[in-house]
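As you go down the protein sequences, you meet chains A and B in turn. Using the working numbering, the first residue of the first sequence is number 1, and each one after it goes up by one. Using the working numbering, the first residue of the second sequence is number 1001, and each one after it goes up by one.
Keep in mind that the hints were calculated from the coordinates and are not lab data. Even for Gly, the Cβ is constructed at its ideal location relative to N, Cα and C. Some clues are possibly wrong.
[Stated by the list, open to error] Example chain B residues on the side facing chain A (calculated, C-beta under 7 angstroms, incomplete):
{"id": "1", "residue": "Val1023"}
{"id": "2", "residue": "Ala1170"}
{"id": "3", "residue": "Ala1221"}
{"id": "4", "residue": "Gly1223"}
{"id": "5", "residue": "Gly1227"}
{"id": "6", "residue": "Pro1244"}
{"id": "7", "residue": "Asp1246"}
[Said to hold, decoys possible] Here are the simulated distance ranges between beta carbons:
{"id": "8", "chain 1": "A", "residue 1": "Gln212", "chain 2": "B", "residue 2": "Gly1037", "range": "21 to 29 angstroms"}
{"id": "9", "chain 1": "B", "residue 1": "Asp1062", "chain 2": "A", "residue 2": "Gly49", "range": "22 to 30 angstroms"}
{"id": "10", "chain 1": "B", "residue 1": "Phe1226", "chain 2": "A", "residue 2": "Pro440", "range": "34 to 42 angstroms"}
{"id": "11", "chain 1": "A", "residue 1": "Thr233", "chain 2": "B", "residue 2": "Glu1481", "range": "31 to 39 angstroms"}
{"id": "12", "chain 1": "A", "residue 1": "Glu59", "chain 2": "B", "residue 2": "Thr1098", "range": "45 to 53 angstroms"}
{"id": "13", "chain 1": "B", "residue 1": "Thr1056", "chain 2": "A", "residue 2": "Pro72", "range": "27 to 35 angstroms"}
Listed below are the residues making up each chain.
Protein chains: 2
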Amino acid sequence: MNAYESLLQRSKEIALYNSAASVLSWDQETYMPAKAGAYRAEQLGQFAGLTHRLGTSAEVGDWIKACEDQLPSCSDEEEMALRAANVREWRRDYDRATKLPGRLVEELARTTSLARETWAQARSKSDFSSFAPWLEKILGLVREQADAWGYTTCAYDALLEGYEPGARAADLAPVFADLQKQLTPLLPRLQEITGAVDPARLDGNYSIPAQQALNRQVAEAMGFDFGAGRIDTTVHPFCTEMGPKDCRLTTRYNEKDFTSSLFGVMHEAGHGLYTQGLVPEQFGTPMGTYLSLGIHESQSRLWENQVGRSLSFWQQWYPRVQKQFLDLAALSLEEFWIIVNRVKSTHIRVEADEATYNLHIILRFEIEQRLVSGELAVADLPRAWNTRFEELFQIPVPDDARGCLQDTHWALGLIGYFPTYTLGTLNAAQLFHAATQQVPGLESDLKGGNYGRLLTWLQEKIHRHGRRYSPSELIERATGESTKATYFMDYLKAKYRI
Amino acid sequence: MNAYESLLQRSKEIALYNSAASVLSWDQETYMPAKAGAYRAEQLGQFAGLTHRLGTSAEVGDWIKACEDQLPSCSDEEEMALRAANVREWRRDYDRATKLPGRLVEELARTTSLARETWAQARSKSDFSSFAPWLEKILGLVREQADAWGYTTCAYDALLEGYEPGARAADLAPVFADLQKQLTPLLPRLQEITGAVDPARLDGNYSIPAQQALNRQVAEAMGFDFGAGRIDTTVHPFCTEMGPKDCRLTTRYNEKDFTSSLFGVMHEAGHGLYTQGLVPEQFGTPMGTYLSLGIHESQSRLWENQVGRSLSFWQQWYPRVQKQFLDLAALSLEEFWIIVNRVKSTHIRVEADEATYNLHIILRFEIEQRLVSGELAVADLPRAWNTRFEELFQIPVPDDARGCLQDTHWALGLIGYFPTYTLGTLNAAQLFHAATQQVPGLESDLKGGNYGRLLTWLQEKIHRHGRRYSPSELIERATGESTKATYFMDYLKAKYRI
Chain A
1 MNAYESLLQR
11 SKEIALYNSA
21 ASVLSWDQET
31 YMPAKAGAYR
41 AEQLGQFAGL
51 THRLGTSAEV
61 GDWIKACEDQ
71 LPSCSDEEEM
81 ALRAANVREW
91 RRDYDRATKL
101 PGRLVEELAR
111 TTSLARETWA
121 QARSKSDFSS
131 FAPWLEKILG
141 LVREQADAWG
151 YTTCAYDALL
161 EGYEPGARAA
171 DLAPVFADLQ
181 KQLTPLLPRL
191 QEITGAVDPA
201 RLDGNYSIPA
211 QQALNRQVAE
221 AMGFDFGAGR
231 IDTTVHPFCT
241 EMGPKDCRLT
251 TRYNEKDFTS
261 SLFGVMHEAG
271 HGLYTQGLVP
281 EQFGTPMGTY
291 LSLGIHESQS
301 RLWENQVGRS
311 LSFWQQWYPR
321 VQKQFLDLAA
331 LSLEEFWIIV
341 NRVKSTHIRV
351 EADEATYNLH
361 IILRFEIEQR
371 LVSGELAVAD
381 LPRAWNTRFE
391 ELFQIPVPDD
401 ARGCLQDTHW
411 ALGLIGYFPT
421 YTLGTLNAAQ
431 LFHAATQQVP
441 GLESDLKGGN
451 YGRLLTWLQE
461 KIHRHGRRYS
471 PSELIERATG
481 ESTKATYFMD
491 YLKAKYRI
Chain B
1001 MNAYESLLQR
1011 SKEIALYNSA
1021 ASVLSWDQET
1031 YMPAKAGAYR
1041 AEQLGQFAGL
1051 THRLGTSAEV
1061 GDWIKACEDQ
1071 LPSCSDEEEM
1081 ALRAANVREW
1091 RRDYDRATKL
1101 PGRLVEELAR
1111 TTSLARETWA
1121 QARSKSDFSS
1131 FAPWLEKILG
1141 LVREQADAWG
1151 YTTCAYDALL
1161 EGYEPGARAA
1171 DLAPVFADLQ
1181 KQLTPLLPRL
1191 QEITGAVDPA
1201 RLDGNYSIPA
1211 QQALNRQVAE
1221 AMGFDFGAGR
1231 IDTTVHPFCT
1241 EMGPKDCRLT
1251 TRYNEKDFTS
1261 SLFGVMHEAG
1271 HGLYTQGLVP
1281 EQFGTPMGTY
1291 LSLGIHESQS
1301 RLWENQVGRS
1311 LSFWQQWYPR
1321 VQKQFLDLAA
1331 LSLEEFWIIV
1341 NRVKSTHIRV
1351 EADEATYNLH
1361 IILRFEIEQR
1371 LVSGELAVAD
1381 LPRAWNTRFE
1391 ELFQIPVPDD
1401 ARGCLQDTHW
1411 ALGLIGYFPT
1421 YTLGTLNAAQ
1431 LFHAATQQVP
1441 GLESDLKGGN
1451 YGRLLTWLQE
1461 KIHRHGRRYS
1471 PSELIERATG
1481 ESTKATYFMD
1491 YLKAKYRI
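The shape of chain A in the complex, shown without the other chains (with noise of 0.2 angstroms):
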């Protein structure tokens, strides 16, 4: 076996390890009994432990760099340049995992597992000076993580990278910068066109069952794949990869509001078309691999919001979601589209809409940034949050549980996150933009409750690629030009018809 067969053998056992222990973390979130959870933690650990020896051992790292000095040769052009690009992607997994010493990733797991806790309790009860000393900790150690993976503007950028390869903090700053400045003088028209129905008349009674059958209509119509996939009821919504053919999304359900599982569904099936559209030859591999957060929240979102929020959507769906759920009879389609597009300031970012979501991450991106170099303490952290939230949103922020203490990511260390929630928005609207313009009839294909041309496009462009590209060259090669704020805000105007 030579050195780039060893290195396809180990990576695609270390997948089979991962993709057995999503398995059971997947059953962890769904079916187990509740007194499984802690042999359950045990096994997960014993995985992690497992997968990372295997990806850190030395002759991986001889693998790797015998095929850089040179790369066992085919014939086949198009195949050789998937093995370069494995190559390097190889190279950068390993890096990132064997630049840090075991002492520090032990550190950080043992802490966050910690703080995760302690956050809970602090934002149950609005009190953020419990868990400043875990901020404080969880910040030290994530700075020198970044120190150990190396980075040459900001420390910010190591962590950044860990989530959107490539990104860095100086060239989102004036993507998102340009995006605030055209979003916010935008808002208050389109919070009094959409405040002219109340949301109130949606309320009604909606079986699950109906809900149910409603959502995996509309996932099959989006071409998910339910001989390769599923849709199970879990606390928070996710989508999991447990194999080639194997995705499984998951969703809750409102009794009362229909439209909440609902788009959470086309989100989790906007992932899990992704998934699905990765090679399943290449699972396994850097080939077979998903991108980058960023991209694939661009996936989950034009399903969700250029799709599934648009008025044609609708006027194919709305009169059999009517004939299906008889509270909306009273509700006209125009009426319903306003109450599902509703924007409107709130505290809290996972109940923001669309538009207003932006400036929450646009906050929490300037924030990490600041605590990360150090220049705002974390002791002065929930003031520069409720004065900029305020700045952003005229509101003020009434606790910090509603203010600095509302997300779980920072107890957890992920620092460097929210941003790609901002880059995979951007990225709907200009890919979206791309496929009207590049698939004739597009547009009328999805007026008429047509998805296939769309998916195919994504497909071609996105999905099949795997990690063969950087982000920002996905997005360039699949609409001309790197990602900008321009189409989202067009996408906005249009839809408003501002």
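For this one, chain A is given, so just place chain B on it according to the hints.
Frame of chain A, contents of chain B only:
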């Protein structure tokens, strides 16, 4: 770490991977999407290989040898006894796993995998000749297995040992012969008594959610802990363990007859109570592992038959069930009880009642011994089967699909497995009798629907011992004598009042 601690750690590591594989297998039967099967098989194969390597590596042999030479001592006498028993069982497992040449293990896996398909087709066409060469090959391979493992009297014993440690054909034969001698003359009377009510009177419309609720109530009343277990739906019911606090049962539903699912759940919950009664701290070591198939089956059958098919059980439950299922209004308790205890000869083992079931086993036990010894040629199997079947049941065998092709066991290489079913039946009756003798007032407990003291007795006498004693020792310690046909026969006579 001393040799004993190394073995303990290795044993728990293997159990961790095995229990993860159990989650994957359970998922495969319950929720996995259809197209995921090929990759799931790859995952399970990888786990089997991993645990085999971990269990059979040379250092394991060295550690066992070191413990046999001198067991690391501790002051607690009970702990020393447990350690000694663990070492004895590790030796047993190690020898059985390492004595087989790798070539034979692989050939058996390959052959039985193909034979299973051929068998399924042969059965559907009732074409023995197409399966015969495969059975011939399997017999050759299991004889090689037996030779590799070694035996004193006959090769069959080496196979039997894999399912029922310590059991020997020469010891079982007289017990089974006695059973047959007592049972056969009783059957006409049992058929007459239970033939008095037309079983079609039970046919009704039993909704699956109502069946599920009933199954759960009954399993809970038995003492099955749903905080550490659950019930799902599969084509073939089973019970599986995924950790010290995670035991899952499955069942299937017949909307015309709720009793098939209910008795199935009582059977599987009997297995589950055994699993839940193992000592959690010993999980992953022989002392925290079930003892044998026969002992497992004694637990499932005791709950299904001695408890679940008793009149006193239905005196408690039938009024509730009648309230739930209105189709039972015209069927009296006594009539219902007769239907669920109907004795009738059938060609198919898995459809047999608890009495005639044993004749099916006796037939297989006799025939498989003769096949292994070579006394019976494969070509002569159908004739031998049909002749002996008619002697035992007084009905002719119409075709091989309802004759020697009906079971999957031999196609899977499971030879020596069948007798554990009847061992389970006999031990169930013997244990139940011993419990009623040893626990004052137990019968009135059971009449009152209180199963707690029966379960406690089983936990004390059977469950908590894991693999500390051999099956025959365990039964002698619990009941004062070795396994006999008498208690089962007494049970039948008392039940049918003859």
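Any hints this thing doesn't respect? Which numbers, in order?
Numbers 2, 3, 4, 10, 11, 12 - these are the hints that the structure violates, sorted from lowest upward.
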